[in-house]
Amino acid sequence: MDWTAFALTLKLAFWTCVLILPIAVMLARWLAWRRFTGKSFVEALVMLPLVLPPTVLGFYLLIGFSPESRLGAFVATLLGGPLVFTFAGILVASLIINLPFAVQPIQRAFEAIAPNVREAAFVSGLSPIETMRRVEIPLAWPGIASAFALVFAHTLGEFGVILMIGGSIPGETRVMSIAIYDGVQAFRTADAAVMSAVLLAFSFAAIVMVHMLARRRSDAHAH
Amino acid sequence: MPTKPAPLLVTLRQAGQIPLDVEITCNPGELLALVGPSGSGKTTVLRSIAGLYRPAAGRIVSGDQVWFDAAAGTMVSPQARATGLVFQDYALFPHLTALENVKLAARHLDEPLRSAQAAGLLARVNLDGLEARTPDQLSGGERQRVALARALARDPKVLLLDEPFSAVDRTTRERLKAELSTLHRSLEIPIILVTHDLQEAEALADRIAILHKGRTLQSGPPDDVRLRPVSALVARLMGQTNIFEGVVEQVSKARSSGRIRWRERLIHVATTGRFTEGERVTWLIPADYVVLEETSPSAGKRQVEKLPGKLIDFTGLGEMTLLTIRVGADAADVLRLTIATREARLLKPGSIVTVGLLAEGIHLMPSEN
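Going down the list, the sequences are from chains U and F.
Residue 18 is where the first sequence starts when you use the numbering used here, and the numbers rise one by one after that.
Residue 147 is where the second sequence starts when you use the numbering used here, and the numbers rise one by one after that.
Just so you know, these hints were derived from the structure itself, not from any lab.
Using N, Cα and C, we set each Cβ at its ideal position, and we do this for glycine too.
Don't take each hint at face value.
Using C-beta positions, here's what the derived DEER-type ranges look like [unchecked claim]:
1. F:A161 / U:W47: 25 to 33 Å
2. F:A278 / U:G188: 46 to 54 Å
3. U:A61 / F:A161: 31 to 39 Å
4. U:W47 / F:T317: 39 to 47 Å
5. U:G81 / F:A262: 29 to 37 Å
6. U:S144 / F:L463: 45 to 53 Å
Here chain U stands alone, though its shape is the one from the complex:
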């Protein structure tokens, strides 16, 4: 059992969840309520990581983050080093690839909020920020929790894109899924089996949580 990889995986999943949720909430809220030209295009773009092979996304990110590319060079000067083969690099990749898993359930939750409930909050004197905090977020909460669980579970299992741009550097980019792959390659089957079982248990628990939250949401709406 590679405990360093285990800790790194949890760290990646934690930071992905923490950073993606505010972005996803704002994006989902915007997509749920605004009508604008090019909305389908934006929605397709958000959904793209769902169907794109992780290696393809990884390839583009590798090109984009590479200090030889203009964007990569700019990012490198900004951060004081290149993103490829770093934890920051796999975190950015994880955020992009998880966007659809985060946005979808939250967008559905916002769409289910009646527009006049927001208007009632405005007329009651609540500013848009207060309305979001006191009314919208609490009502969208089951969707947000679902998104959290989905993103967490999905990040635990992410493999292709991390291998592409992160490689397998212990303590920096070698997450559990990559450690399992390395273990199998090196005929350390027992190690791989333990880590696989741990990932299986975590992923299963996360999916059970998503379903429980979904049931609670539909119960709440049945009244």
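Please build the complex by placing chain F on the supplied structure of chain U, with the hints as guidance.
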């Protein structure tokens, strides 16, 4: 912080898909009913006052505060307007209890005043004991009361009610109406009630404004609008059916009385208004100014025109019955009136009766043709 009650002045103009040509005034303590069929723009007017809709042109003023002035580019946010709005479907916050719903709208007060205000308002709308329930644990009538308490929680400068009785059963509606009537007497702010229900408007309002295709056609005390509509359109929107075309035949010197010709008859009218001899007019006789000589003889005390007619239809309305009586050769020459059902039982369909038109009830309007 209670503020001095101020009148509300609303002028709205707009062309296009939602046309508006609205002019209404509502004084403190006054209940104005905005009446019109669905699609007449009633809700848009309320939303404009609340700041949820921005019309193309116009002005909305509450006392010395300008809430909206298209010409000056002023558009005060709904948060800053302090209006209390009861939505048609109430739009309660589903995740909060009744008390929390009301408290959230009382954020201008600090604790413990805020909680006291919310509890006091819930008691005022007869909801004490139900403070801890969420909207899904409340009946339709109880939800309406929470919505009303929430609308009053921020000490609004105007109370706006959008069809507040449409989502509840009839028994509850009658009770809520009585409660609103009581509440109205204790509120010193302008109240605007939007409704398509004339009886509701006449029962509750101090004044009625008739809205049709976004345009206010007439406003005034309910009886004024009902008995003296400015046009046949207003008369029809007020539910009048006894509307006919005629010609002014004779006007007395004082214009206090005269006669109109209708078909081959001359009919006495108590006033001819601004109309002159020979002018074509549309005339109205409200159903309560038509009497059936068989059941309630006019006894000759008032000026009355008696016509023979044939009873062609009875419609039961509970304790009252609506009679349709044909009084002329034309199929459109029918008069409608209501009498007590007890008396209607003595009459037979198809029988010949005598109807009396009370001259004081006849009202002349510009000809529709």
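We went through each hint and held it up to the structure:
Under the hint 25 to 33 Å, the C-beta atoms of A161 (chain F) and W47 (chain U), about 31 Å apart, fit the expected range. The supplied range of 46 to 54 Å is met by A278 (chain F) and G188 (chain U), whose beta-carbon atoms lie about 53 Å from each other. Between A61 (chain U) and A161 (chain F) the beta carbon distance is about 38 Å. The supplied range of 31 to 39 Å therefore holds. Separated by about 45 Å at the C-beta atoms, W47 (chain U) and T317 (chain F) satisfy the suggested range of 39 to 47 Å.
Distance hint check: the CB atoms of G81 (chain U) and A262 (chain F) are about 59 Å apart, inconsistent with the given range 29 to 37 Å. Under the hint 45 to 53 Å, the C-beta atoms of S144 (chain U) and L463 (chain F), about 50 Å apart, fit the expected range.
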